[in-house]
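J.: The chain contents come next:
There are 2 protein chains.
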Amino acid sequence: MNTRSVVASLGVRERILETALDEFYASGFHGATMRNIANSAGCSAANVYNHFENKSELLVEILRRASDEQFTATRNALRKAGPHPVDRWRAAVVAHALFTARNPRACLVANSELRYLGEVDRKRVVGSRDAQEQLFVDIAEDGVEQGIFSVPHIHQAVTAVLTMCAGIPLWFRADGPLTAQEVADDFGVYALNLVGYRVS
Amino acid sequence: MNTRSVVASLGVRERILETALDEFYASGFHGATMRNIANSAGCSAANVYNHFENKSELLVEILRRASDEQFTATRNALRKAGPHPVDRWRAAVVAHALFTARNPRACLVANSELRYLGEVDRKRVVGSRDAQEQLFVDIAEDGVEQGIFSVPHIHQAVTAVLTMCAGIPLWFRADGPLTAQEVADDFGVYALNLVGYRVS
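So the protein lines, in turn, are chains A and B.
Be aware that the first sequence starts at 1, since it is given in full-length UniProt numbering, and climbs by one per residue.
Be aware that the second sequence starts at 1, since it is given in full-length UniProt numbering, and climbs by one per residue.
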């Protein structure tokens, strides 16, 4: 392949991923067809199969990417947050919530369609999620150890916060009264409250 | 129809609803087929169509029932909770979370498959949800007015709490380390924390 066809091929791959997300969102994993995805991407089904073995492979790639990007956003926010658990917890939640509000379809599909993946494929996606969760657990543990946070169970509190954020696409509208950033900031407050830290 | 066939007919209807929930959970709304539902219920597809016009009608009935039952559980808990916003908020959240932990499939399907219903059908389901949400909003407003709770936005805080509860089936396992009641009680603590009330 020359450079030009590599670039063209990359373009097709990205377009397939984009239209596959549309299709999974609109029709669910079981309702989605490779043919529809190909049609929307403006290529042949055979072309889709050149890039992705099957629907599972497409869903895995979409969910891993979304999860990796969200993870990166959270880590970038943490890099600027300094060492204090309150700042770190708020920064991590705000970044996580902001990503969710700005990528509602990928986050919704991640929650609703993950259960249709086989065990192996699910593990490939869940690994990236677990790493993300661990970031939050580390901060919460730090806060509890320093006597700043207080929760019945740290992992459970983290999960509660992450699922609360994961629910944002169920109700948030970009053209609604609050911006994604405002919603994310509010969720930072809820998350600090939730771990027993009173935001003054 | 004599009494016996009425009873038999009711039995079939219930069985269809039960197997339809299994099918929606396993295959999603778009992947579910009336034929599979009929097979699992041990009746003919024609028989399923006698009771439900189409898949949407089945999904609406399942989601409305689940929502109504959850609503009833919450109201019953509130009846025993007395007048104080802290007691009422905790009681409502614990009842809501407990129902979710005990009815994971219906609650998961409600969140992941609702978007596939048409506008009219979605409104039939969402009405019952809105009523439920209003219960929580009333208590939170009461708490804020009395200066006991403090949140950036009341509706948003309620939604955060309800989606946090809705996420329970994504991770809770009945054979895990905590019982459904213990998880629900913990969520009562998180929800009180979240609205700025410090559980001592």
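Mixed in with the good hints there might be a few duds.
No copy labels: a pair is met if it fits in one copy or bridges any two.
Taking lysine to any residue and the SDA-like style, the derived pairs with C-alpha atoms no more than 25 Å apart in a straight line are [unchecked claim]:
#1 LYS80 / SER128
#2 LYS123 / ALA174
#3 LYS80 / ARG173
#4 LYS123 / ASN54
#5 LYS80 / GLU141
#6 LYS123 / ASN111
#7 LYS80 / ASN54
If you're looking for bench data, these hints aren't it; they were derived computationally from the structure.
None of the values given here were measured: they were computed from a predicted structure.
J.: Would you pick out the hints that fail for this structure and give their numbers low to high?
T.: Hint check: 3, 7 fail, others pass.
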